[in-house]
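Visitor: One letter stands for each residue in the lines below.
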Amino acid sequence: MNEATSLATATSAPIAQDPAAAEAARYPGARRPDRRRTLVHHGLELAVWEWGDETGQPILFAHGGFDFAGTFDVFAPLLADAGYRVVSWDQRGHGDSGHAALYSWDADVRDMLAVLDSIGPDPIPILGHSKGGGIAIHLIQAVPHRITRFINVDGIPSQKNPPDVADHDRTKLLANELSGWLDHRGRAGTKTRRPDSIDGLARRRQKMNPRLSIEWLRYLVTVGARLDADGWRWKIDPVLRPGGFGPWRAAWSLRRMVALPVRMLAILGLQPEPMGWGTSEEGVLPYLPRDAELVTFEDTGHFVHIEQPERVAARVLEFLS
Amino acid sequence: MSPVRLRHDRVELALHILQEGEGPALLLLHGLGERSPTELPAELGAWPGKVAALDFTGHGESSIPQAGGYTAEVLMGDADTALQHLGEATVVGRGLGAYIALLLAGARPRAVRGAVLCDGLGLAGGGREPGSSSVVFPNPAASAPPDPFALAELARDVRPPDYATAFVRQANQLSDLEQPVTVACADRPEWLEAVVQEPGVGEARPAAALASYLVQLQAASLQPGPEAC
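In order, the protein sequence lines correspond to chains V and E.
Sequence positions in the first sequence follow the numbering used here and run 6 to 326.
Sequence positions in the second sequence follow the numbering used here and run 10 to 238.
Hints may contain errors.
Where chain V lies over chain E, by a calculated footprint (3+ residues, C-beta under 8 Å) [as the list claims (entries may be wrong)]: (1) 17 to 27; (2) 78 to 90; (3) 138 to 148.
The following residues of chain V were derived to be distant from chain E, with all beta-carbon distances above 10 Å [stated by the list, open to error]: (4) Arg36; (5) Arg154; (6) Val267; (7) Glu286.
Calculated directly from the structure, the hints in this document are not laboratory data.
For each residue, glycine too, the CB sits at the ideal point set by N, CA and C.
Make a model of the complete structure from these sequences and hints.
Guide: Structure, rendered in C-alpha cells:
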C-alpha cells in the first residue's frame, strides 16, 4: 500500500461514519494533501503532509498556533498546481502529530528544522503563517544557508504595548492567570477535549475565527478533529491553551527579523480579530530586512491566505518567480 | 527509601522524602543538571518538619520526556505539583531551582511559606534577552539523566529582570509573610540583582533565612483562630 492510499483510507473512515462529515468535507477548492508521511524526531512522531508533484520545487509551510497543516487545504493546492511540492507538518501536539510532554518555541524551531532536513539538503523557500512565521524567523537566523526566500503571512509581532493598568491591578491579573495556568497543568494529565457535533465544534472555533465562514470551519473539523464514540473532538493536545507563561518581547523577534539575509515577502491582514497580533504597517516598516517587500490587505483579517487564497497565492508565486 | 511518584501532565516526577516530621514542610529544588540530595544539606541547618526534595523533569529519578521543549515555566509546574502534594511548604532552591522557587513564590503566594534562593548551577540562565539563534540537537544516545535537552535548553532560558520582579511583587502583595523571598546568593545575575533591589526582599545565609521563616510559621500556627476569641 503506498502512502497516498493509506492517507485516503485514514481520512475517509470517520467521514463515512457521519453523514454530516461527508457534506462538510466537500469545501470548494479544498484538497487534502497528496501524501502523508511520519517523521520520528527524537522519539516524537510528526505528521508531514505534501501537495503536488514529488519532483517539483519544494517549499515548506508552517501553520499557526492551534491550527494544523490542513488549514492550508485551499491555499497549498494553488501553489501545487503551479508546480511546487508544498510540504507542511502538524506541529507537536497539533493535528495528527504526537502529543509531547513538553512544548516550547525552541522545540518548534527544532522540529521545523527536522522537517526541512527530511526534504533534502538544498536550500528552499519557506512560508509561515502567524506563529509559524515567528518560528521561521528564528529558523532562518539559525540556518540562513538553508533558506532561499521567506514569506511571512501575518506572523510579525506588534510592538504595541498592552493598555496600562495600575501596578496593583496588574499583579492581581497576573496572579489569577498564573494560578489558572498551573491549575490547568495540574489537571491536564486526565483532561480530554469536549466532544461535540461537527457543527458544534465549528461554532466553538468561530469564536476564535469570527471572520471565517462556518462552511470552512466545518471542513476544518473533518480534518483537525477525530470521531470518537461520543462525538467529534479536536485532535490538539488538551494541555495546550492560548496564553501560557514565559518571558517574550515583540522586540526580540523584530530585531531578529531585520537582520535576515534572505529575501522576504511580508503579508499583513489589517482587520483586527481575536487571533491576530494587531500589527500595523508603520510598526513593521523599520524592521523589514534588506530588499523585503510588504503587502497589506486592508479588507482582510489574520487568516489572509484563507480569506483571500487566490490573491495571496498570486502574490507569492510572483515573489518566488 | 523510594520516592513518592507524582504526575505532572505526561511526566512522572520523583519526590524524595528526606525526613518525616511535624509542622511546616520544607521543599528542596536542585540546580541545573543536578539531582535531589539524599539528606538535608548541613548548610540549611535543622528543620523539625517534613523535608522533601524534588527531581525536576529529565533529572534524577523523574522521567525523561521525548524531544525536549524545556522552559522554566514547565519546571514551575513541576514544583507546583510537589507543592500541591505537600499542601504548604517553605521552598529552598539552588541555581535553576532558586529561579523556580521565585516563580513559584509569586504564582502560589499563599502556599509557599517563604522562598530561599541559593547559589547553584543554572542560576543565570540565558541572560536578560535571547542571544543569536541556534538549533541544538543533543546526541540521542545520551539518554541517561540529566536529559541533554534539559541541559541545553535551560542553560539559555531567558530571564529578564522585570519578569523576575513581577513574581517578587506578586509574592510581596499576596503573601502574609513579611519577607516571602530571601536571597542567599553570592552570585547575582541581572535578574537576581533586580530581585534584591525590590522592597521587601530579605538577604540572609540559608540557615538563618530558614530559621527566621520557621519562627514566623510556628508563631502563626500558635495564634488563636477566630473561633477561639
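Visitor: Quick one: see if chain V covers the segment 138 to 148 of chain E, three-plus residues with Cβ-Cβ under 8 Å.
Guide: holds (count 8)
Visitor: With 10 Å as the threshold, tell me whether Arg36/V passes as away from chain E on beta-carbon distances.
Guide: At about 30 Å from chain E, Arg36/V clears the 10 Å cut-off, so the statement holds.
Visitor: Would you say Arg154/V is clear of chain E, with no C-beta pair closer than or equal to 10 Å?
Guide: Holds, since 18 Å exceeds 10 Å.
Visitor: Per the coverage rule (Cβ-Cβ under 8 Å, at least three residues), is the segment 17 to 27 of chain E covered by chain V?
Guide: holds (count 4)
Visitor: Check the non-interface label on Glu286/V: least C-beta distance to chain E beyond 10 Å or not.
Guide: Given that every Cβ of chain E is farther than 10 Å from that of Glu286/V, nearest at about 26 Å, it holds.
Visitor: Verify that the Cβ of Val267/V lies farther than 10 Å from every Cβ atom of chain E, and report whether the claim holds or is violated.
Guide: Val267/V clear of chain E: closest Cβ-Cβ about 14 Å, beyond 10 Å.
Visitor: Take the segment 78 to 90 of chain E, compare each residue's beta carbon with every beta carbon of chain V, and decide whether three or more fall closer than 8 Å.
Guide: holds (count 10)
The structure shown violates none of the earlier numbered hints.
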